[in-house]
Amino acid sequence: GAVVSQHPSWVICKSGTSVKIECRSLDFQATTMFWYRQFPKQSLMLMATSNEGSKATYEQGVEKDKFLINHASLTLSTLTVTSAHPEDSSFYICSASQDVTNYGYTFGSGTRLTVV
Amino acid sequence: QKEVEQNSGPLSVPEGAIASLNCTYSDRGSQSFFWYRQYSGKSPELIMFIYSNGDKEDGRFTAQLNKASQYVSLLIRDSQPSDSATYLCAVWSNDYKLSFGAGTTVTVRA
Chain E
1 GAVVSQHPSW VICKSGTSVK IECRSLDFQA TTMFWYRQFP KQSLMLMATS
51 NEGSKATYEQ GVEKDKFLIN HASLTLSTLT VTSAHPEDSS FYICSASQDV
101 TNYGYTFGSG TRLTVV
Chain Y
1001 QKEVEQNSGP LSVPEGAIAS LNCTYSDRGS QSFFWYRQYS GKSPELIMFI
1051 YSNGDKEDGR FTAQLNKASQ YVSLLIRDSQ PSDSATYLCA VWSNDYKLSF
1101 GAGTTVTVRA
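So the sequences go chain by chain: E and Y. Heads up: the first sequence runs through residues 1 to 116, numbered per the numbering used here. Heads up: the second sequence runs through residues 1001 to 1110, numbered per the numbering used here.
Keep in mind the hints are simulated off the structure, nothing from the lab. Cβ coordinates follow ideal geometry from the N, Cα and C atoms, glycine included. Any given hint might turn out to be false.
To be verified - Dumping the calculated DSS-like pairs for lysine-lysine here, alpha-carbon to alpha-carbon at most 25 angstroms:
1. 64(E) x 20(E)
2. 66(E) x 20(E)
3. 1067(Y) x 1097(Y)
4. 64(E) x 1097(Y)
5. 20(E) x 1067(Y)
6. 20(E) x 1097(Y)
7. 1097(Y) x 1056(Y)
8. 1097(Y) x 55(E)
9. 66(E) x 14(E)
10. 66(E) x 1097(Y)
11. 1042(Y) x 1097(Y)
12. 1067(Y) x 1056(Y)
13. 66(E) x 55(E)
14. 55(E) x 20(E)
15. 1097(Y) x 41(E)
16. 55(E) x 14(E)
17. 41(E) x 1042(Y)
18. 14(E) x 1042(Y)
19. 64(E) x 14(E)
Claimed, not checked - Not everything, but these chain E residues come out facing chain Y in the computed CB check (under 10 angstroms):
20. 18
21. 36
22. 98
23. 100
24. 108
In isolation and in its complexed conformation, chain Y is listed as follows (with noise of 0.2 angstroms):
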């Protein structure tokens, strides 16, 4: 699998804050870049995708992807408590495969 490497966390931020989620990916074939939200014990949930370079906003999601410097990130605003999670970037490559990041945790303090 191609590496993908997420920021450590966990993430603490206040409610109402921005949350940035960071990732890189070591493959310059990688077409499309997704992040997922998991839920403790729950399977992962599809937020977003981008595979275009610039920024994609969906409500207050917003992922952001720089190609030429192998980057993608999501920036989380006016977090809820409810944003409390794990979230895992995934690269999609020529080989039909996602590869996933360790994943970043979030936690939104109420």
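Next comes chain E alone, as it looks inside the complex (with noise of 0.2 angstroms):
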């Protein structure tokens, strides 16, 4: 079946620094990922949908100067929070699909970001 890989599964850092996560498709190609944020007891809120060789789009309300989303192969998007502050401390997911209306979507791991 998809497995969706995501790195890492866990991160610390400290506020004003960068921080990336990457998802990676491990046996599909994923010409479409999407990113994730959940806080919580919160249900999932997409915060954008990335596409392969082209710019990601974002979710009303969601900062893509902060959230640099790079999709630049068919098997891995980045998500990049730059000068990350205390209030992005989320759980961020992504997601892709090798036939949605088969298989419907695969979730990475996702990873626990907190911000110090």
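Since each chain sits alone in its own frame, please combine them into the complex, following the hints.
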């Protein structure tokens, strides 16, 4: 089945620094990947749609200059949280689909970001 | 994002009972519907998906879809303590995005 790998699983960084999160589709090519953020006891909120070879599409209210997305290949998308602040602390999850109609979306294992 | 609503929960059921989860959605153009299970601190894992009206069964899980009523449900039969988790309803529309409900937390009492 489709496997999506996400790294790192958790990261602690100092306020003002940047953090990069990687999302890889291991056994399929994904022209589109999605980045979600989840705060404690809340549902997943779509941040942006990552498109291979083109600019990401950001949801309303998400700062594109703060959350940089690069989808340089058919198997890798990265999310960089720039100038992180404590309010950026959250659970970030990526997802992709090999064939959404038949397989749905597969999620990465998520990255727990803590900004201190 | 399109609106997806789930029964608020939390839902507590005894072991062996049926857990019933409900979800409604606002976009009539929605095409596919998914149920995910999420354990605390983990990412969601797909349990079932359905895109045709009616019932779809997979082991102890049954998904039911009624597009006319814009309603999708999940039944968990013979509930086990390992089923204790938050269940997320997700709806996929023509904009190729998944919209999630807030989730229903289920606790199965041994």
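Hints that the structure is at odds with (numbers, increasing): Of the numbered hints given earlier, those the structure breaks are 5, 16, 20, 22, listed in rising order.
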